[in-house]
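**Student:** Take these sequences, add in the hints, and give me the full structure.
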Amino acid sequence: MSRFDRQEILPGFGKEGQQKLRNSSVLVIGAGGLGCPILLYLAAAGVGKIGLADGDTVALSNLNRQVLFGVGDLGKNKAETAVRYFQHKYDDIQWEIIPEFFSVENAQEIISGYDLVVDGTDNFPTRYLVNDACVLMEKPLVFGAIYQHEGQVSVFNLGPNSANYRDLYPKMPAASEIPNCADTGVLGVLPGIIGNLMALEAIKVLSGFCKPLKNKVLFFNSLTAQTYEVELVPSAETREAMPRSLASFEIMDYELACEGIKQLTWSEAMRKMNSDVAFVDVREPGEMPPLECTGLIKIPLSNLSAQLDRLEESEEVLFFCQSGIRSQQAAQQLQQTYPDKKIYSIRGGINALKT
Amino acid sequence: MNEVILIKAFGMIAEKIGGSELEWKNPGTLEALRAKLENEFPDLKAAKFGFAINKKLLQSDAEIPAGAEVALLPPFSGG
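Quick note, the sequences are listed as chains A and B, same order. Residue numbering for the first sequence follows full-length UniProt numbering, beginning at 1 and increasing consecutively. Residue numbering for the second sequence follows full-length UniProt numbering, beginning at 1 and increasing consecutively.
Because the hints were derived from the structure by calculation, they are not lab data. No residue lacks a Cβ here, since even glycine has one placed at the ideal position from N, Cα and C. A couple of the hints might just be wrong.
Unchecked claim - Just so you have them, the derived chain A footprint on chain B, three or more residues with Cβ under 8 Å:
#1 3-17
#2 21-34
#3 39-50
Unchecked claim - Simulated crosslink set (DSBU-like; lysine-lysine; CA at most 35 Å straight-line):
#4 K214/A to K36/B
#5 K139/A to K55/B
#6 K45/B to K214/A
#7 K48/B to K139/A
#8 K48/B to K341/A
#9 K171/A to K45/B
#10 K171/A to K25/B
#11 K48/B to K298/A
#12 K48/B to K204/A
#13 K342/A to K25/B
#14 K214/A to K8/B
#15 K55/B to K214/A
#16 K216/A to K48/B
#17 K48/B to K8/B
**Tutor:** Right under this line is the structure:
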């Protein structure tokens, strides 16, 4: 008997469905709240090859929903930690660990080796990036996302006349418009449910078993336990908004396209630092850890509108906060008043400085 | 003829309008509905969301049939 006996005897799935799973490969992007349940069930189901891309490290606040990790994993890379867990558990899966964030630079190389992509990321720029890469490379994409008590799931780019993320949301939203889990909170079981629905869609696509959510998006509300299914229509217009070719994809700045604000890493920010650049901490007093350095300007976001004139003289302004969201809001606020200034936000804020 | 429509709001839009369902007199078109929603709930002006009429997503203005269900669908990015 094989470890897949219970699905091999399932009418409609059978040994044939199992063989298709065995011969297929899936790239999971993000080993977070969605990625963990996706991985658990794809690995248990016997997908032949699984790639996992995530450049993030495990934090204590992840543990209510990122069920592959424990207190002993804090600070470790998520992709490496998750794959190590599965390597102990099963001996029949080929793994690829990609301990990096998915980007325009590495997208093509990473995706090209896989039959299907599953998007478990957590921000708009990456979701558009993953979508566009999949459209341009003609890879089917299982999409899922959550907001507080709700989730949405769909399957994009599956064969001809298939809708993609841009047919669902043609206008790119900014992260600063929509709070994330870190701000709104989330019960761990919600990404568990949505991640499981995504794993189910992935298995349907790979095995040919039942009908996947092509040109449909399923909404789920955990407070009411209600679902809502909406039909999507692929459109030529939304296709226009996408990069036309892989060459133009490679030079896209998805953060800039979503946020309208150029984002910098800490090391890029440090290289910019000189006396003409205003370096502004927009955190509220008392947020930890404090940052002290020469020339640092402290203007809490709540007070920025009253103190915009303090930045009037600076041609370039660099904002940071705790996680990189409020600094984008600050940058947008300043840009409205001073459209000619070069304004930047530091990606990930102080949280990104620790490593 | 039922000239009342059922508006179903999701995610952040439900928060901004203070509930997940509204029953309104049919304003006729999606653009008219958007204007009425923004007038009633000014927070919606800055929000991005799509409209589905009777569970079909529409990217441009359309007439709202009598008795229709109109869903307001904002993007989620969390994971």
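**Student:** Hint compliance check: list the failing hint numbers for this structure, sorted ascending.
**Tutor:** Per hint list: 2 and 13 violated.
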